[in-house]
Amino acid sequence: MATKNALKKQIRKTHTACPRCGRKSYHMQKKACGACGYPSARKRKYNWSAKALRRKTTGTGRMRYLRDMPRRFKNGLREGTKAKALPKAQ
Numbered sequence: 187m188a189t190k191n192a193l194k195k196q197i198r199k200t201h202t203a204c205p206r207c208g209r210k211s212y213h214m215q216k217k218a219c220g221a222c223g224y225p226s227a228r229k230r231k232y233n234w235s236a237k238a239l240r241r242k243t244t245g246t247g248r249m250r251y252l253r254d255m256p257r258r259f260k261n262g263l264r265e266g267t268k269a270k271a272l273p274k275a276q
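If you read the sequence shown in the numbering used here, its first letter stands for residue 187, the second for the next number, and so on.
Everything labelled a hint here was simulated from the structure, so no lab data went into it.
Quick caveat: nothing in here was measured; it's all calculated off a predicted structure.
It is possible that part of the hints are untrue.
Claimed, not checked - No farther apart than 30 angstroms at their CA atoms in a straight line, the calculated lysine-lysine pairs in the DSBU-like style are these:
id	residue 1	residue 2
1	Lys199	Lys237
2	Lys210	Lys242
3	Lys210	Lys194
4	Lys217	Lys237
Construct the entire structure; sequences and hints are all you get.
This is the structure we're talking about:
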């Protein structure tokens with residue numbers, strides 16, 4: 187039977203949170219993420235996994251910039267203007 191110290195050496199963390207995607211897929215020895223491909227500039231994605239693409243695609247997150255675009259585009263992407271004052275009802 188293995189000693190206490192030998193067992194401690196066996197139980198090691200291989201993966202930790204990724205700085206880019208936040209998932210626990212960053213391999214500490216390889217210094218690479220298995221989920222997003224960090225530190226590669228291109229995000230990891232494969233067409234053989236359609237479900238994974240669906241989970242990661244645009245619209246699954248907050249979309250802090252894109253969610254306002256349809257409304258802004260409808261108004262001609264105007265910026266820095268004031269709304270016209272409505273006439274007072276009598």
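Exercise for review: May I ask which of the numbered hints given earlier this structure violates, with the numbers listed in increasing order?
Suggested key: Going through the list in order, the structure violates no hint and respects every one.
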